[in-house]
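Enquirer: These are the residues of each chain, in order.
Protein chains: 2
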Amino acid sequence: MNDYTKEIEKALRSYLPKGDGNTDTVINSMDYSLMAGGKRIRPTLAIEFALLCGGNINAVMPFACAVEMVHTYSLIHDDLPCMDNDDLRRGKPTNHKVYGEAAALLAGDGLLTLAFSVILGADAMERNGAEKCVSAAALLAECSGANGMIGGQIIDLESENKEISLNLLKIMDEKKTGALIKAACLLGCISAGADERQCKAAEKYADNIGLAFQIVDDILDASSDTETLGKPVGSDEENKKSTYVSLLGLDECVKISRQLTEEAITSLNEFEGDTSTLKQFAAYLRDRKK
Amino acid sequence: MNDYTKEIEKALRSYLPKGDGNTDTVINSMDYSLMAGGKRIRPTLAIEFALLCGGNINAVMPFACAVEMVHTYSLIHDDLPCMDNDDLRRGKPTNHKVYGEAAALLAGDGLLTLAFSVILGADAMERNGAEKCVSAAALLAECSGANGMIGGQIIDLESENKEISLNLLKIMDEKKTGALIKAACLLGCISAGADERQCKAAEKYADNIGLAFQIVDDILDASSDTETLGKPVGSDEENKKSTYVSLLGLDECVKISRQLTEEAITSLNEFEGDTSTLKQFAAYLRDRKK
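So the sequences go chain by chain: X and U.
Okay, so the first sequence: first residue is 850 according to the working numbering, each after it adds one.
Okay, so the second sequence: first residue is 850 according to the working numbering, each after it adds one.
Which bits of chain X does chain U cover? Going by a derived footprint, with three or more residues having C-beta under 8 Å, they are:
id	segment
1	963 to 969
2	980 to 990
What the simulated footprint calls covered on chain X by chain U, stretch by stretch (three residues with Cβ under 8 Å from a Cβ of chain U suffice, anywhere in the stretch; the number is not a length):
id	segment
3	865 to 875
4	997 to 1004
Simulated from the structure, these hints should not be mistaken for laboratory data.
The beta-carbon is built from N, C-alpha and C at its ideal position, and this holds for glycine as well.
Pulled out of the complex, with its shape left as it was, chain X reads as follows:
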């Protein structure tokens, strides 16, 4: 699999605001979570789809960074005491454990806002033009908003300590995790000027790996250990959350995650270019250990 981590992290760093010396706390807090490593799945997907559809890495990079900023902000807010109240993220103390709740709240707000500064900024405009930037930013807002990721988070919140149906669990994950993965894939398509058929295939790929990704997350939470995973395991069971594992069992989950990965790989047949890296990426998401 191609590894764009270095390029992505260089670009992410370049887009962090410099500040005027009075606002260092919030900028450092944004930096802390944005540069805390992670798999960079979403920006990688944006880059891969851009390349597959004839685009280039420079043009898609601001879009790729924007989606990673939205993802990072959602993690900071998700970890807050009034939400999941998590102390560890990627093996490190969560943002509010280091900077305090208020600065973590503002750092999340700052990263969400920065995503739109970057996706509409000078680099994005110069390399993609106004029409593509508007499409990209509007898509990112839609997928991140109350009908997308935030909608999934409220369902998640209201599902705590009670059993929910498999149907509602799927709706929740389509919004909470799936929407931003879909945004990532489509941002690549938009930057490359992909046609409708390509966008639909990208969406199908995203939907399948998105659901597989969430099922694998549940599998890991139920069967991994804290050291391997880099965060506490068993939190789903502890919080009495309905998960694919609790509703369908571990074996069935492994089976479904494989089926979804196969379907994702099949959807790539719509593309004429080299899809080997995206196929490997789907398999990697299925087989990951953290």
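Dock chain U against the given chain X, drawing on the hints supplied.
Expert: Chain U alone, transformed into the frame defined by chain X:
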């Protein structure tokens, strides 16, 4: 003064997401704060500057609504227990008092995200075109982000329970309150296709009324009563915050707020159109009782 409240609130309501029945809590929570009244100062400014520069109310309306959404999100997050921990806002219980902290957090996130959906949405694009929408959204992001409003909030947070200099207080307010007021005025200019001279004059007007607005806020907190103001008074003194009143005294603050208002009114001489409503608006901000 022209009153566009009815038109603004109709448009704001039309832009709230409908949801699919699973996400009602966050949508209702967004609705609660967005439709809770308030003076609609920022959207009114956007409309007035658009009209002054030869634009029209339909074109600027999505921009005007976007800035009000950003303002509302900032109030919801500002009121949270980890920030100002306020129970009342505009005479009503604050968002988290009604919907809980987690839903209030998400409602704020949702409104910030929605602002970008609206400023780049179908209405905005149809009525303004892609170039103006990109300029408008990029400006809104810049003024709302870590170098703008959020930067002001972190300075505010770190200034609690200690004295700060008049210089830092001004920098804080320029960012915390001033940046979004400037965004509002300039969004009107952008929608109308104003020239650079007009934008500079609008910025000067915004800077002056922005600072005057904050000084008047401090005056009211120090000298009004809860019933008139619709929120608890004396909170600045209680929190040992440095304010213009604590640093300069009440009389000097009244004098300066008048000078700034005069300067704001003078800056309008750059425009050829009818500036009477914006002049009255500056005077209204100076003379308001809540």
